[in-house]
Amino acid sequence: MDWFKRKKETLKPTDKKEIPDGLWIKCENCGEIIYKKELEKKYYVCPKCDYHFRIGYDIYVSILFDEGTFEEFNQNIKSTDPLNFKDSKKYSDKYKATVKKTGINEAVITGVGRIEKHQVVMALMDFRFLGGSMGSVVGEKISRAIDKAMELKCPLIILSSSGGARMHEGILSLMQLAKTSAKLARLSQQGLPYISLLTNPTTGGTTASYAMLGDVHIAEPGALIGFAGPRVIKQTIGQDLPPGFQRSEFVQEHGFIDVIVHRHELKQRIAGILDFFAHKNNSRAESA
Amino acid sequence: MAIKNNKFVLEFEKPVVELENKIAEMREYAMSTGLELEDDIKRLEKKAKQLRKEIYSNLTRWQRVQLARHPLRPYTLDYINKMCQYFEELHGDRRFADDPAIVAGLAKLDQYSVVIVGQQKGRDTKDKLYRNFGMPNPEGYRKALRVMELGAKFGKPIITLIDTPGAYPGIGAEERGQAEAIAYNLYAMSHMPVPIINVIIGEGASGGALGIGVGDRILMMENTWYSVISPEGCAAILWRDAAAAPTAAEAMKVTAEDLQKLDIIDEVIPEPEGGAHHNPDEAIATVKKVILKHLEELMQIPPQELVEQRIKKYEKMGAWTE
Numbered sequence: 001m002d003w004f005k006r007k008k009e010t011l012k013p014t015d016k017k018e019i020p021d022g023l024w025i026k027c028e029n030c031g032e033i034i035y036k037k038e039l040e041k042k043y044y045v046c047p048k049c050d051y052h053f054r055i056g057y058d059i060y061v062s063i064l065f066d067e068g069t070f071e072e073f074n075q076n077i078k079s080t081d082p083l084n085f086k087d088s089k090k091y092s093d094k095y096k097a098t099v100k101k102t103g104i105n106e107a108v109i110t111g112v113g114r115i116e117k118h119q120v121v122m123a124l125m126d127f128r129f130l131g132g133s134m135g136s137v138v139g140e141k142i143s144r145a146i147d148k149a150m151e152l153k154c155p156l157i158i159l160s161s162s163g164g165a166r167m168h169e170g171i172l173s174l175m176q177l178a179k180t181s182a183k184l185a186r187l188s189q190q191g192l193p194y195i196s197l198l199t200n201p202t203t204g205g206t207t208a209s210y211a212m213l214g215d216v217h218i219a220e221p222g223a224l225i226g227f228a229g230p231r232v233i234k235q236t237i238g239q240d241l242p243p244g245f246q247r248s249e250f251v252q253e254h255g256f257i258d259v260i261v262h263r264h265e266l267k268q269r270i271a272g273i274l275d276f277f278a279h280k281n282n283s284r285a286e287s288a
Numbered sequence: 001m002a003i004k005n006n007k008f009v010l011e012f013e014k015p016v017v018e019l020e021n022k023i024a025e026m027r028e029y030a031m032s033t034g035l036e037l038e039d040d041i042k043r044l045e046k047k048a049k050q051l052r053k054e055i056y057s058n059l060t061r062w063q064r065v066q067l068a069r070h071p072l073r074p075y076t077l078d079y080i081n082k083m084c085q086y087f088e089e090l091h092g093d094r095r096f097a098d099d100p101a102i103v104a105g106l107a108k109l110d111q112y113s114v115v116i117v118g119q120q121k122g123r124d125t126k127d128k129l130y131r132n133f134g135m136p137n138p139e140g141y142r143k144a145l146r147v148m149e150l151g152a153k154f155g156k157p158i159i160t161l162i163d164t165p166g167a168y169p170g171i172g173a174e175e176r177g178q179a180e181a182i183a184y185n186l187y188a189m190s191h192m193p194v195p196i197i198n199v200i201i202g203e204g205a206s207g208g209a210l211g212i213g214v215g216d217r218i219l220m221m222e223n224t225w226y227s228v229i230s231p232e233g234c235a236a237i238l239w240r241d242a243a244a245a246p247t248a249a250e251a252m253k254v255t256a257e258d259l260q261k262l263d264i265i266d267e268v269i270p271e272p273e274g275g276a277h278h279n280p281d282e283a284i285a286t287v288k289k290v291i292l293k294h295l296e297e298l299m300q301i302p303p304q305e306l307v308e309q310r311i312k313k314y315e316k317m318g319a320w321t322e
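Residue numbers (the UniProt record's numbering), protein chains in the order written: chain S, 1 to 288; chain X, 1 to 322.
Looking at chain S on its own, in the form it has when it is part of the complex (with noise of 0.2 Å):
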């Protein structure tokens, strides 16, 4: 009576999808076995189901940007540990841990490059730091990345991959909520296009700042978007979520996600909002 059984789904880990090493790796969603070169050139994008897989910043930069034009600035801003945080690790040493495990400086990296031909500043967030959690550091690169696009009179593009604000900063992490949307609000002012892109994870005090003020909202498939997350949510309302919650789908059926972009087009489209606003309508004056 095998056959008569429930089809248990299998569980999927939340945590640590870092791309192992070795040659083929195994389809989170699927379950397809893949060859990592093939993987590479897709994007990380499961040929066979569309699952994209979390990646990082620098795979980003090389999806998104005209070869060799994106630039950092800001690299060396780093964190003080200011409330001097220990749980069953000092903040400090998990911090300089985190540093040379991932090779990254902070959960978000902030640089100036082209895509297709158009500048743009660009923050991009990376989940492999610390959960993408935002500390003072992040509120402060974002911030500068702002002034940095009024600037240059450029758009600025944010990636969110961030599990919230950063605990071991505090209310100095709460803060930065304040600080990123009231530098949006200014550059909203100066007349620049901001677009926000949500990948798996944005949730929390990310999604509750930059992540949803953007002029245009793009994200991608399947990505957890969200204010509270599954786990909370659950247990204060004792009841299963409803399949495909706070999925980037669900999301944009209730209104808050603009369009959900295939990884595989990201760069065009992207850059399909950037020539819109670039383009200059003629005045009637001026044409007549």
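Please note that the accuracy of each hint is not assured.
[Unchecked claim] To give an idea of the chain S side of the interface with chain X (calculated C-beta under 10 Å), a few residues:
(1) Asn-84
(2) Val-137
(3) Glu-140
(4) Ser-173
(5) Met-175
(6) Gln-176
(7) Gln-189
[What the hints assert, rightly or not] In silico DSS-like links for lysine-lysine, alpha-carbon gap of 27 Å or less:
(8) Lys-86/S with Lys-316/X
(9) Lys-261/X with Lys-90/S
(10) Lys-288/X with Lys-78/S
Simulated from the structure, these hints should not be mistaken for lab results.
C-beta atoms are modelled at their ideal positions from N, C-alpha and C, and glycine is treated no differently.
Please arrange chain X on chain S, whose structure you already have, making use of the hints.
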């Protein structure tokens, strides 16, 4: 002094409450029997005074969190009713619904007409449910925004009273864009051309608090907490045990004193000994006095400069090196 109900007595207050109750009993006994116990009572009162001082001047962060959540603590409407000569509550976000977890309205605060918004908790079970324990849904933040924008439009200063265990984590809240509602409030409040004063009167839990908490002055009452996550939430994630909340409260440095040292808040508002609930009238009067002081200062600043200063204030927040 009446004998206190032990129901709302916090663990660390017990020694002092027991002593106070004993004094009250002795008084009653002396009255009914006509015995001369005045000397003994005086001696005990002196002891009680000393004990109160000892306990309340050495509160741990976790004890302050407990005081911030004390069920007898004055809530937003208590402040509004006592501070304001006039209050007309405005309901609804004109989009979806009215959220009772946030109250908002038009008020007179002595010589100033102001708009006030704040989270509201309930006292009894029915009221608590009605107010959703002070946990707003997106429509609450949108109602707050609407009323604050009304203030901005007519040049009325904005006072926000913050007291929430967090924005509500529910299915409907997510569907209606809890994150967007909070984000947009931060964005809009950052450049409203009127003075904005935020007062943390109880709990300041994360985005749920900040959603009505951007302004020119951030004030905190002495026995309140304000952080990026509740001590329980932080403990559950980093210590994998919500019972580690007292440790998490220490690690995250959540009190008014901490936030003043971190240059986040502008002033700590003192409370009556033992906390605001020991003497609500006095606590509310002090809050009013401090709000009026800041309001007077802020009213001198031209609107454009005010916004400029506010953005600079937030630009400076954080700690980093390069």
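Against the structure, the hints:
no.: 1; hint: Asn-84; verdict: holds, 9 Å
no.: 2; hint: Val-137; verdict: holds, 5 Å
no.: 3; hint: Glu-140; verdict: holds, 5 Å
no.: 4; hint: Ser-173; verdict: holds, 5 Å
no.: 5; hint: Met-175; verdict: holds, 4 Å
no.: 6; hint: Gln-176; verdict: holds, 6 Å
no.: 7; hint: Gln-189; verdict: holds, 8 Å
no.: 8; hint: Lys-86/S with Lys-316/X; verdict: holds, 25 Å
no.: 9; hint: Lys-261/X with Lys-90/S; verdict: holds, 21 Å
no.: 10; hint: Lys-288/X with Lys-78/S; verdict: violated, 40 Å
Of the numbered hints stated above, the single one contradicted by the structure is hint 10.
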